[in-house]
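All chains, full assembly: derive it from the sequences and hints.
There are 2 protein chains.
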Amino acid sequence: MGKLLIVGTLAFDAIESPFGKTDKILGGAATFIGLAASKYDVKSGIVSVVGDDFPKEYLDLLNDRNIDVSGVEIVSGGKTFFWSGKYSNDLNSRETLVTELNTLADFKPVVPEHFKDADVVMLGNLDPKIQMSVIKQLEKRPKLIVLDTMNFWMDHTLDDLLEVIKEIDVITINDEEARQLTNQHSLVKAAAQIHEMGPKYVVIKKGENGALLFEGNNVFFAPALPLKEVFDPTGAGDTFAGGFSGYLTATKNISFENMKNAIVHGSNLASFCVEKFGTERMQNLSKEEMESRLDQFTQLTQFNIELLNPS
Amino acid sequence: MGKLLIVGTLAFDAIESPFGKTDKILGGAATFIGLAASKYDVKSGIVSVVGDDFPKEYLDLLNDRNIDVSGVEIVSGGKTFFWSGKYSNDLNSRETLVTELNTLADFKPVVPEHFKDADVVMLGNLDPKIQMSVIKQLEKRPKLIVLDTMNFWMDHTLDDLLEVIKEIDVITINDEEARQLTNQHSLVKAAAQIHEMGPKYVVIKKGENGALLFEGNNVFFAPALPLKEVFDPTGAGDTFAGGFSGYLTATKNISFENMKNAIVHGSNLASFCVEKFGTERMQNLSKEEMESRLDQFTQLTQFNIELLNPS
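Sequences listed follow chains A and B, in order. With this note's numbering applied, the first sequence covers 1473 to 1783. With this note's numbering applied, the second sequence covers 1473 to 1783.
Hints listed in this document are in silico derivations from the structure and should not be mistaken for laboratory results. Treat the hints with care, since some could be wrong.
Capping the alpha-carbon separation at 25 Å, the derived lysine-lysine pairs in DSS-like fashion look like this [what the hints assert, rightly or not]:
hint	chain 1	residue 1	chain 2	residue 2
1	A	K1558	A	K1678
2	A	K1528	A	K1551
3	A	K1661	B	K1678
4	A	K1661	A	K1678
5	B	K1748	B	K1678
6	A	K1700	A	K1678
7	A	K1700	B	K1678
8	A	K1661	B	K1493
9	A	K1638	B	K1700
10	B	K1661	A	K1493
11	B	K1661	A	K1678
12	B	K1475	B	K1615
13	A	K1748	B	K1661
14	A	K1528	A	K1748
15	B	K1638	B	K1615
16	A	K1678	B	K1678
17	B	K1661	A	K1700
18	A	K1672	B	K1700
As structure tokens, this is what we get:
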């Protein structure tokens, strides 16, 4: 079974959307990535940090899904990372209300011995110094290192970010961040420039407008599934990354053709994530639901190529 | 050969984009629709109006492409419809600088006898009263009536627009207009509501984010081709509509499966349209270029379904 090493936050989130608000609930990039990847036949492990205010049930919830949490440091007397945000009425933008780094501020990640030979490493969105430290602890080069990041690190720690971008194979980034990183409006030009920074594969996420995968001149696009209602976008990008990396770990095939499927799988899982607050939908998602919606993706995007060229 | 009746404006356009500006050049919905449809094996004819300031070369240009212009009224002493607009730096919005209706203000369309039995009717964006008048002149129900419209008619002549929407089979509309027409943010809900207004098929255009086709619960999505540079978006929506209706007229197959291909063909032609100012790119587009880019669309969107469900 393929091994997937996940680095990212475990967190409390408090979310306001037009549909309601939550108290502090389970959140964090590693949580969403882990839950998504657990839908595939992988042995995954999380490297992260929490305070001793983090409920044991949350760690059990991950553990029950075959996610190894031995790499999660529990800081005695410390407090878990907390994020609170409020979405606009159309859910297309959000305002951060509170960010309390807490134990995350001084986090020194330690990769467990039994994950130093991971096949795939998924570096969730956090400080690029932490991402780099994890790469340096690996005992062999994984088949694939995937990195997710965001504009915050471009604004504040760009040099560190560029250092780690050099070392990875796949970057996932949203459209505005790709533009910010390259100063190019055209996403085609932005992707070309990011290739030159290191990553062989560039994934540009466009939220409700889907995701693009670039490998040089090869381009693939998967739409987001058109939904009647989006409830809470929190974690959709992480879920996408978890589906993408989990699928690639399980199938042990990192060809461009298979990466297209990984993009579809990531989009598929993200389409569920946004249907409820936080991790609720991902916790209870069945294989049958996943497969039925993959059929919808196929209907949505595949056409009869025989018909395309009438003559 | 299938007959396509096109109703829409013939116009002078003056365009400012970040890449330059034009004097008065050939424009208008019917022009772009006609040029796009002429890429397929169809007999098309335009119903429109111009003043005698409209150069004969422009009518010859259409005629040379097997577009019948006997339905174009030339008003002696009249002036041709003129539109001028300026695009924002990212080309995602535009400001109308000048609109002079001129001969269009009192236009009473007359469908030539030999187009009253058209197989497909493409009602380009203009006053819904004119669109309705054309439908009433037809001697038999066409296989398909496609209507394009815009927010202007929702703002000013909503009742007339709703009347004509009742009579048609396919509406093409952009995402913001679909939301305005239905007061629904979700495009899935908006499409469902537009279905209830009459059209069996709803096409929602999202510009650089592609296009959705709805037929009840059936949904298809085609992305726009990611381009290095967009030069001038003018006419892209009309070109899409022309490719869509031209392909359906030529293939004589209005199944949902074939409509998917029509959406791909429309998107394909629109991707060329935006590469130069006005109609320039569409005038000189070769079959080989079209086919090569259709291959790109296939690469961009089609994945290996065998690989999708590993087990």
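Going down the list of hints, with the structure as the test:
The straight-line distance between the Cα atoms of K1558/A and K1678/A is roughly 20 Å, inside the 25 Å bound, and the hint therefore holds. A threshold of 25 Å between alpha carbons decides the hint, and for K1528/A with K1551/A the separation of about 14 Å falls inside it, so the pair holds. The straight-line distance between the Cα atoms of K1661/A and K1678/B is roughly 21 Å, inside the 25 Å bound, and the hint therefore holds. For the given pair, K1661/A sits about 16 Å from K1678/A by alpha-carbon distance, which is consistent with the 25 Å threshold.
Of the pairs offered as hints, the one joining K1748/B and K1678/B holds, with about 20 Å between alpha carbons and a cut-off of 25 Å not exceeded. Proposed proximity of K1700/A and K1678/A is supported: the alpha carbons are some 18 Å apart, at most 25 Å. Of the pairs offered as hints, the one joining K1700/A and K1678/B holds, with about 17 Å between alpha carbons and a cut-off of 25 Å not exceeded. About 24 Å separates the Cα atoms of K1661/A and K1493/B, which keeps this hinted pair within 25 Å; it holds.
Pair hint K1638/A plus K1700/B holds up; C-alpha atoms about 24 Å apart against a cutoff of 25 Å. Restraint check: the Cα-Cα separation between K1661/B and K1493/A comes to about 24 Å, which is no more than 25 Å; the hinted pair holds. For the suggested pair K1661/B and K1678/A, the alpha carbons sit about 21 Å apart, so the restraint of at most 25 Å is met. About 10 Å separates the Cα atoms of K1475/B and K1615/B, which keeps this hinted pair within 25 Å; it holds.
Using a Cα cut-off of 25 Å, the hinted pair K1748/A and K1661/B holds, with the two alpha carbons roughly 18 Å apart. Restraint check: the Cα-Cα separation between K1528/A and K1748/A comes to about 23 Å, which is no more than 25 Å; the hinted pair holds. Distance hint between K1638/B and K1615/B is fulfilled; the C-alpha atoms sit about 16 Å from each other, no more than 25 Å. Taking the CA atoms of K1678/A and K1678/B, the gap is about 13 Å. The hint holds against a cut of 25 Å.
Distance check on the hinted pair: K1661/B and K1700/A sit about 6 Å apart at the alpha-carbon level, within 25 Å; holds. The hinted pair formed by K1672/A and K1700/B meets the criterion: a straight-line CA distance of about 19 Å does not exceed 25 Å.
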